[in-house]
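Following the hints, complete the assembly by docking chain B onto the known chain A.
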Amino acid sequence: MPPGPVQADSQREPAIERLLGRLPEFRDAAAQIKEMLLANLVMIGEIPSPTFDEQRRLRFLQDRFAECGLVNCSTDELNNALGIMPGAEEERHILVVAHGDTAFARTEDHTISVNEDHAIGPAVADNALGLAAVATLPTLLDRLGIALRSNLVLMGSSRSLGRGDLEGLRFFLENSPLKIDYGVCVEGAQLGRLSYNAIGMLRGEIIVEVPEEYDISRFGASHVIRILNRIISRIEQIPLPAEPKTTILIGSINSGSTYNIIPNRAEMRFEVRSESADMVRRLHDHIQQIVDEMVVTTRANVVFHVVTQREPGGIAFAHPLVQITRRVMDNLNIEPQVSPSLSELVAFIRNQIPAVTLGISNGRNLGKTNEAIMIEPMYTGLTQLLAVLIAIDEGLCDVD
Amino acid sequence: MSIEQWIEANTHHHSEYWDLKKMVRAKEEQNLRISLCIPTLNEERTIGKEVVIFKSELMDRYPLLDEIAVIDSGSTDKTLQVAQQFGADTYLSADILPEQGFKRGKGENLWKAIYQLTGDVIVYVDADIANIHPRFVYGLVAPLIDSPQIKYVKAFYDRPLAFSSGVRPSGGGRVTEILTRPLFSLFFPELTAIIQPLSGEYAVRREVLQEIAFPIGYGVETTHLIDVYSKYGLDAFAQTDLDQRVHRNQPTIDLGRMAFGILQAFFNRATKLGKIQGVQDIHRVLRQFQADSDHYRQVEHPIVEEERPPMQTIDAYREKFGLDG
Chain A
1 MPPGPVQADS QREPAIERLL GRLPEFRDAA AQIKEMLLAN LVMIGEIPSP
51 TFDEQRRLRF LQDRFAECGL VNCSTDELNN ALGIMPGAEE ERHILVVAHG
101 DTAFARTEDH TISVNEDHAI GPAVADNALG LAAVATLPTL LDRLGIALRS
151 NLVLMGSSRS LGRGDLEGLR FFLENSPLKI DYGVCVEGAQ LGRLSYNAIG
201 MLRGEIIVEV PEEYDISRFG ASHVIRILNR IISRIEQIPL PAEPKTTILI
251 GSINSGSTYN IIPNRAEMRF EVRSESADMV RRLHDHIQQI VDEMVVTTRA
301 NVVFHVVTQR EPGGIAFAHP LVQITRRVMD NLNIEPQVSP SLSELVAFIR
351 NQIPAVTLGI SNGRNLGKTN EAIMIEPMYT GLTQLLAVLI AIDEGLCDVD
Chain B
1 MSIEQWIEAN THHHSEYWDL KKMVRAKEEQ NLRISLCIPT LNEERTIGKE
51 VVIFKSELMD RYPLLDEIAV IDSGSTDKTL QVAQQFGADT YLSADILPEQ
101 GFKRGKGENL WKAIYQLTGD VIVYVDADIA NIHPRFVYGL VAPLIDSPQI
151 KYVKAFYDRP LAFSSGVRPS GGGRVTEILT RPLFSLFFPE LTAIIQPLSG
201 EYAVRREVLQ EIAFPIGYGV ETTHLIDVYS KYGLDAFAQT DLDQRVHRNQ
251 PTIDLGRMAF GILQAFFNRA TKLGKIQGVQ DIHRVLRQFQ ADSDHYRQVE
301 HPIVEEERPP MQTIDAYREK FGLDG
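Each protein sequence line maps, in turn, to chains A and B. The numbering of the first sequence is the numbering used here, which starts it at 1 and goes up by one. The numbering of the second sequence is the numbering used here, which starts it at 1 and goes up by one.
No lab work stands behind these hints: they were computed from the structure. Among the clues, some could well be false.
[What the hints assert, rightly or not] Covered stretches of chain A (in silico footprint by chain B; criterion: 3 or more residues with CB under 8 angstroms from a CB of chain B, positions within the stretch not fixed):
(1) 36 to 46
(2) 102 to 116
[Claimed, not checked] Computed cross-link-like contacts, SDA-like style, restricted to lysine to any residue with a CA-CA straight-line distance of at most 25 angstroms:
(3) A:Lys368 - B:Lys22
(4) B:Lys22 - A:Asp63
(5) A:Lys368 - B:Asn131
Backbone N, C-alpha and C define an ideal beta-carbon position, used for all residues, glycine too.
Bound-form chain A, shown alone (with noise of 0.2 angstroms):
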């Protein structure tokens, strides 16, 4: 990557004391766009953005974007939503990204209001208020008189979620001319989130079918449920080491529709979680193999799609990077909660991009049509996403 500004031990301290001492000022330049905060908030929360159908929030984020004055406003051919603030040198680009989707279906009513001290509605912390941080950046640059050096590329990305799989950001950056020196992840919630690597992760399917004729009398033959029982408890029954840490999560079965008819179909979702891709690998095998007995033993049709796969990886605690984030979150008062990803950084990641995700405020009920997010805490949240990009953008997070 290119050089940042600023190299020796001797240079970098006193310039990262200089910008922990200007977080007060960014603070209060944040509270004082509060109604523009909000107001992003409520705009590009209140329109649906169900994975794969992005489109509308995302040309919405692309409408600030020009707004703002920002260059290169488009979106590309998966609805990534991108505009450009150029830096004074232009040498690194800073990408800071939001996703762009949400696990609400457009008939969901996504009226979202704003009380006193906290906003309310559906996927209001998981992302609007990501995207509404990522297109109020470049407000609170402007107010506060801040030329970033470095070229910064604000992004709300589409297809992130579930069976997005992360697609849109990893479109962009196995596609984009612009080569990304750095990548800030943004999320709605919880303040104080900082991840910085990913663990191994495997999310699949289990489907068992069988035909309408299917012979539930003969030896072995079972209805759908009872078949995903016993698939459930051999998965259960799994030894799961220590070390590497490994967790088997069973997270959606479904099937049937009433009391007395017997279903034929039953589907399960359940996530592997280890800090060694070896060990999801072996599990991996491990699953297909009771899968493959079930076939045979019961004759029906039983499979197993693997719908999402993240290979571990990511920078170490001791990079720059993370430990500048936690020294910004110290001086701000907030308690660092560490964590590896299972999102947009994982394609970071995959590009060996140094990055991290960040959270703005504090949220509850997530997940939940009632999903709140609280104000007072969203201006810290902004300063510390600002601070860690100067920081970037310094060349204080840069390896020697």
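Just chain B now, kept in the frame of chain A:
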């Protein structure tokens, strides 16, 4: 001009006014000052979002509004606190022109806003709109900026364009279709061109607001239309389609009280204008019924549509705005 011609010329859609930069430029060239008034009574659930959206989009980003004021009838919840927190000027209606006393009603707040606010144009927007958007203001202000002859711009929330069967009926809510439109059809047929005469969102020039009386209750929108029409004709009006408006749906029993107030205000105007006679001696109590176990109980609602006089007749107003030279 026929009703059809008027609708063709004076009915707009908010999407015509997407260029807010251009609108702000035109406003500044005309040296126009625009005030937003949001009348409230216990609206803490929706007021925060309204103020945030208007302040951010129409003051900070595009300076179309010069002031945002919440005028409150005495909320017992946090309406004023929330509005103030997000940058609105907040007033208790009772504190404005205290020598005139205080009457409880939305019309009272709208009337007092004329004294309190400083704009050449005042935009009134109800506080209970769940899907609030900047178009609720710029869609109403734009025709006034574009055309000096337009004095009063009314919102409507339907889009009478193509429908699956070609056209569809288009109109207002239940009270509009059952009461106001039939009354207008009988006595002021041209006013039927106003698609939603009872909508609570409108933008009006001060010169017009100060010369019309204000019923303090439900009749204020109806008498506005009659008074402005009587003085300036239909050409002084425009209306803008603001698409959908999501708000609380009132139960029919409450609409009965609303209709009762509107009827009183209408009779008052129609009598003054010589359209009807002999309705001065009318009862001011609405009688509704409640089923209580196996018998029915009459509930009496005294509803008197008092009026505030034209603001230009108030000395304090004449002094504040220099009407006496």
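Hints, verified against the model:
Coverage of a stretch by a chain is defined here by at least three residues with a beta carbon nearer than 8 angstroms to that chain's beta carbons; for the region 36 to 46 of chain A and chain B the count is 7, and the condition holds. Coverage of a stretch by a chain is defined here by at least three residues with a beta carbon nearer than 8 angstroms to that chain's beta carbons; for the region 102 to 116 of chain A and chain B the count is 6, and the condition holds. A threshold of 25 angstroms between alpha carbons decides the hint, and for A:Lys368 with B:Lys22 the separation of about 41 angstroms lies outside it, so the pair is violated. This hinted pair checks out: B:Lys22 and A:Asp63 have alpha carbons roughly 16 angstroms apart, not beyond 25 angstroms.
Restraint check for A:Lys368 and B:Asn131: satisfied, since their Cα atoms lie roughly 20 angstroms apart, inside the 25 angstroms limit.
Checked against the numbered hints listed earlier, the structure breaks hint 3 alone; every other hint is satisfied.
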